[in-house]
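Residue numbers (this note's numbering), protein chains in the order written: chain R, 1 to 61; chain C, 62 to 551; chain X, 552 to 754.
Don't read these hints as lab results, they were simulated from the structure.
Treat the hints with caution; some may be incorrect.
Said to hold, decoys possible - Below, simulated DMTMM-like cross-link-like pairs (lysine to aspartate or glutamate); rule was C-alpha separation at most 20 Å, straight line:
| id | chain 1 | residue 1 | chain 2 | residue 2 |
| --- | --- | --- | --- | --- |
| 1 | X | K724 | X | D707 |
| 2 | X | K609 | X | D650 |
| 3 | R | K51 | C | E78 |
| 4 | C | K267 | X | D650 |
| 5 | C | K480 | X | E627 |
| 6 | C | K267 | X | E752 |
| 7 | X | K609 | C | E201 |
| 8 | C | K234 | R | E37 |
| 9 | C | K480 | X | E634 |
| 10 | C | K480 | C | E407 |
| 11 | X | K609 | X | E651 |
| 12 | R | K51 | R | E37 |
| 13 | R | K51 | C | E446 |
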Amino acid sequence: MAAFYLALWGLAGLLGASAIAALVWAIRRGEFDQLREASQSIFDDEEPVGKVTDRFPDKRF
Amino acid sequence: MADTPETVPLPAPEERERLTRIQIDRSCRQTVVWYYASAVFWLLVGSALALIASLKMHTPGFLADWEWLTFGRARPAHLAAMIYGWGSMAGVGTLLWLQARLTRNRLPFPTLLPATAVIWNLTVAFGVVAILAGYSTSIEWIEIPPSTAILFGFCIAAIIAASIRMFRSRESKHTYVSQWYLFGAIFWFPLLYVSAQLFLHTPAAKGAVKAAANWWFAHNVLGLWFTPIGLATVYYLIPKVIGRPVHSYHLSLLGFWSLAIFYNWAGTHHLIGGPLPAWLITVGIVGSVMMFVPVVTVAVNHHLTMVGHFHHLKYSPTLRFIVYGAMCYTAVSFQGSLQSLRSVNEISHFTHYTIAHAHLGVYAFFTMVMFGAIYYVAPRLLNAEWHSAAWIRVHFWTTAVGMAIYWLGLTWAGWEQGKMMNDPRIPFLDIVRFTVPWLWSRSAAGVLMTIGHLSFAWLFWNMLRQRGAYLPGPTLLIRKDEPVAVGGGE
Amino acid sequence: MNRAWLLVVGVIATIVASVTGLVLLPDRQLRSTGPVEDEDRGITLPVAYFGDAEEGRKVYMDLGCIYCHTQQVRPEGFGADIERGWGMRRSVARDYIHDEPPLMGTMRTGPDLMNIGARQPSAQWHYLHLYEPRITSPGSIMPPHRFLFEVRHSADGLPEDAVRLPDEFARRKPSWIVPRDRARWLVAYLLSLDHNYEVPEAR
Chain R
1 MAAFYLALWG LAGLLGASAI AALVWAIRRG EFDQLREASQ SIFDDEEPVG KVTDRFPDKR
61 F
Chain C
62 MADTPETVPL PAPEERERLT RIQIDRSCRQ TVVWYYASAV FWLLVGSALA LIASLKMHTP
122 GFLADWEWLT FGRARPAHLA AMIYGWGSMA GVGTLLWLQA RLTRNRLPFP TLLPATAVIW
182 NLTVAFGVVA ILAGYSTSIE WIEIPPSTAI LFGFCIAAII AASIRMFRSR ESKHTYVSQW
242 YLFGAIFWFP LLYVSAQLFL HTPAAKGAVK AAANWWFAHN VLGLWFTPIG LATVYYLIPK
302 VIGRPVHSYH LSLLGFWSLA IFYNWAGTHH LIGGPLPAWL ITVGIVGSVM MFVPVVTVAV
362 NHHLTMVGHF HHLKYSPTLR FIVYGAMCYT AVSFQGSLQS LRSVNEISHF THYTIAHAHL
422 GVYAFFTMVM FGAIYYVAPR LLNAEWHSAA WIRVHFWTTA VGMAIYWLGL TWAGWEQGKM
482 MNDPRIPFLD IVRFTVPWLW SRSAAGVLMT IGHLSFAWLF WNMLRQRGAY LPGPTLLIRK
542 DEPVAVGGGE
Chain X
552 MNRAWLLVVG VIATIVASVT GLVLLPDRQL RSTGPVEDED RGITLPVAYF GDAEEGRKVY
612 MDLGCIYCHT QQVRPEGFGA DIERGWGMRR SVARDYIHDE PPLMGTMRTG PDLMNIGARQ
672 PSAQWHYLHL YEPRITSPGS IMPPHRFLFE VRHSADGLPE DAVRLPDEFA RRKPSWIVPR
732 DRARWLVAYL LSLDHNYEVP EAR
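Generate coordinates for the entire structure from the input sequences, incorporating the hints supplied.
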């Protein structure tokens, strides 16, 4: 049982450490720099910003 | 049927984008329609079980001699049908479509993924029948037998594989916030489900600790499975429908990571006053209160995105459901944080107040968002218009009003029930008698919501038969005064 | 390495952290908890379920009793559980060492059952209550569990634990209800629910 706990704690620590490492790496690489572009990424020329894409199926509102 | 690029010679750039989108939606057709159709089926099964359970609460003689439908079985069967049938299947369908759209890739595994929908259905059916037949594990939210972990695990593995494959060959160099939530959900759910089964059915945890494992799991099904799928949908569909990017992208990322860090820890607030170490309960309370951070960021962000565009609610069915759901997410989360405070919990714990709260989360937030998503996605998959606006309105108003009655009645009744319970001079049976009229109000609300579900099922059935107007492109915006855009072969 | 791995690792890390904190740590703290000795009676408490009570626990689970009844007494000053007579002390983790899984519940449509065996020690009361809850508890909304019983109309050859139905609840008079095995087991389990003894941590 002790080995089981040791393994779990080790795993938890390892994962926690790698999460922090990945975060640091991502920030350094500038992954969080182009946020405006990211928010625009769901639009394109055919469904651009400003175009409404859903409405009731008939004309009577 | 086929909208192939060849039918349109030398497409313009925007026409190319339109065709790409048609192809992406087409690639999702089989899988996502399978998931959605199954979800609608389970919604009806779950509603029937809910009505039976609700009627039994004020009229205990109703169907009393049929052991399979005794309250203690109908209620967990309702939960299993709704959570693992309706909610999860609608969620997976939406998740796959969103990922295809966001990575601008076709959905892979055209045979395997529809097969997972079949397996998922069989698993849920097995679970629901097992509960009704008396093989419930009697552990809330995970009453279905532990063997289901293998089947759900298989389905989720295929879904993860498809997600990773689409993500790796994505076109856009940006990761949209919805993708963060979807990746969270898709990895959290199997980890949750499998580890909960291990802790609950093996000696890995013992006695009272199993209750902690139970609520760690149950709370996280909402927090780390439904909530991220729901929020991913909201983050995509609100901007997409109104044609305006999300107000603050910074806030959306902060929202994701604070949710990932805090929601996990909230579950033990279900055990306040219970026989577990005080520090464990305190951790749950701290986690719940910290949930204010992601909730406020998400609420502010969606509100600011919507500002100036609320008039679209009148015209877009998707937006109606999604905005109703997003508002209820804020409400349910605030309520949840408050409910975890010891002074509030002392009254609200063990009462109908909690039941109202649970439905505010799973129904008013998640289910309404899924309705909105299906209204947006299904026409694009099946190239058909919803055949009746009137039925959509019936669906919206019955469910929206039904849910409001449900919540108001049980919240009020539960709060009074809790106060009476904490006054030892009031005989217990007087409290029971006090709640009965409110249990009737719950049944009335349930009837309304079921009417909504039936209209939705009717709409969906006609969608499957493509009874609505034919849609050549992937958008609902065809004005009668406007020539229908190219791209169709007719 | 791309952003997918950042996400995946972060996502897994959060959940591993919480399961460690909310399940593994408390388990470590509570695992060694054992029964207490009752020297006067020469037994250890809580008593492990065996025989009919053990079977009855399964009936309690399959009929979904937990959806309306808790099995946990909250401490004095937090709610009125003790004042209501649901137990002489709060429940502690030690009370559940034989409970796989614990049936603590989260809803009190009906009263707490942590010590129902001490509060209602009569098997007859339980049979009548299970058959038709309104016989013993007017105004109750508990579902009747008639399917756990056989009804007989003659006093000949009645088993010892048959109970005469009050006339106003009998369709044909006279009527006796004879518990089937599952009712017997369930009542044996309910009668075994008695945690009214002292434990060091709840003094």
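Consistency of the hints with the structure:
1. With a CA separation close to 15 Å, the supplied pair K724/X and D707/X stays within the 20 Å bound.
2. With a CA separation close to 11 Å, the supplied pair K609/X and D650/X stays within the 20 Å bound.
3. Using a Cα cut-off of 20 Å, the hinted pair K51/R and E78/C holds, with the two alpha carbons roughly 15 Å apart.
4. A hinted pair counts as satisfied when its Cα atoms are at most 20 Å apart, and K267/C with D650/X qualifies at roughly 8 Å.
5. Taking the CA atoms of K480/C and E627/X, the gap is near 16 Å; set against the 20 Å cutoff, the hint holds.
6. A C-alpha spacing of about 18 Å is found between K267/C and E752/X, which places the hinted pair at or below 20 Å, so the restraint holds.
7. For the hint pairing K609/X with E201/C, the CA-to-CA distance comes to about 15 Å; that is within 20 Å, so the pair holds.
8. With a CA separation close to 10 Å, the supplied pair K234/C and E37/R stays within the 20 Å bound.
9. At most 20 Å may separate the alpha-carbon atoms for a hinted pair to count; K480/C and E634/X meet this at roughly 14 Å.
10. Restraint check: the Cα-Cα separation between K480/C and E407/C comes to about 9 Å, which is no more than 20 Å; the hinted pair holds.
11. Restraint check: the Cα-Cα separation between K609/X and E651/X comes to about 10 Å, which is no more than 20 Å; the hinted pair holds.
12. Our distance criterion of 20 Å between C-alpha atoms is met by K51/R and E37/R, whose separation comes to about 18 Å.
13. Pair hint K51/R plus E446/C holds up; C-alpha atoms about 19 Å apart against a cutoff of 20 Å.
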